[in-house]
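Residue strings, one per chain:
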Amino acid sequence: MSVRVQEQDFDVGRELVALTDGRVDVGAVASFVGLVRDRNDGQGVSEMTLEHYPGMTQSALEDIVGQAQARWDLLDVLVVHRYGRLMPGDKIVLVLVSSAHRGEAFSACEFIMDFLKTGAPFWKKEATPQGSRWVDARDSDTEAAQRWEAK
Amino acid sequence: MNIRLLFFASLREKLGVSAEDLALPGEVDTVGKLREFLARRGNDWVSITGDVRLRAAVNQRMAEAATPVRDGDEVAFFPPVTGG
Chain U
14 MSVRVQEQDF DVGRELVALT DGRVDVGAVA SFVGLVRDRN DGQGVSEMTL
64 EHYPGMTQSA LEDIVGQAQA RWDLLDVLVV HRYGRLMPGD KIVLVLVSSA
114 HRGEAFSACE FIMDFLKTGA PFWKKEATPQ GSRWVDARDS DTEAAQRWEA
164 K
Chain B
1059 MNIRLLFFAS LREKLGVSAE DLALPGEVDT VGKLREFLAR RGNDWVSITG
1109 DVRLRAAVNQ RMAEAATPVR DGDEVAFFPP VTGG
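So the protein lines, in turn, are chains U and B.
If you read the first sequence in my numbering, its first letter stands for residue 14, the second for the next number, and so on.
If you read the second sequence in my numbering, its first letter stands for residue 1059, the second for the next number, and so on.
To be clear, the hints were calculated from the coordinates, so they are not data collected in a lab.
Any given hint could turn out to be false.
[Stated by the list, open to error] Label pairs and their in silico Cβ distance ranges:
#1 S15(U) <-> G1100(B): 32 to 40 Å
#2 P1083(B) <-> Q21(U): 41 to 49 Å
#3 L29(U) <-> E1094(B): 46 to 54 Å
Every residue, glycine too, gets a C-beta built ideally from N, C-alpha and C.
The shape of chain U in the complex, shown without the other chains:
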């Protein structure tokens, strides 16, 4: 398992190769990449700043990955989350999950993203033509995380 919180960009292809390099037991890798959009809630977004809680982000993400590993039979997991100033089109987050079969990888990748959205201490601030604003948490994100408890 590897979790990285960093300011710089990441290369999805390189990370995927690194996750599987030299292994012959991996049958599936599921990936999620989150990007900055140029619109949100009906307004144009020219720039985004991601604030985080430096001491807590790493351990919160490791805890979420640990829950996924306890729940599914996974071979490896990588989470990379950026902070700082980002522009539309920039990558924000990467989740890679490898397993023997696709079911575990797909489920764990979605689980990690759902809990990252509600449990990892990051906050987005958007620059719009009307000034800058903090992004509001969505109820749909809370519901997405809660539905795993019923499963």
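Guided by the hints, dock chain B onto chain U, whose structure is given.
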């Protein structure tokens, strides 16, 4: 007892402070009591109790109102998270 307080994102901007070292009376020994203690500062500080969506962490783990606060702890308050 002495604790370290941290504030993030919109709450940090509203209060105009990101970190503070604070000496607490011994009876302020949970996150819920700490919220009430800080809200008594008035002005923008009332949002510490008034905003029910505000989250807290003690020593970098998500906390609830009943979570104990002890000497030397790091206690953070922040709005719901919006990463990913």
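Taking the hints in turn, this is what the structure says about them:
Hint check: S15(U) to G1100(B), Cβ distance near 46 Å, so the stated range 32 to 40 Å is violated. Restraint check, P1083(B) to Q21(U): a C-beta distance of roughly 45 Å satisfies the suggested window 41 to 49 Å. Distance hint check for L29(U) and E1094(B): the Cβ-Cβ separation is about 50 Å, which falls inside the suggested range of 46 to 54 Å.
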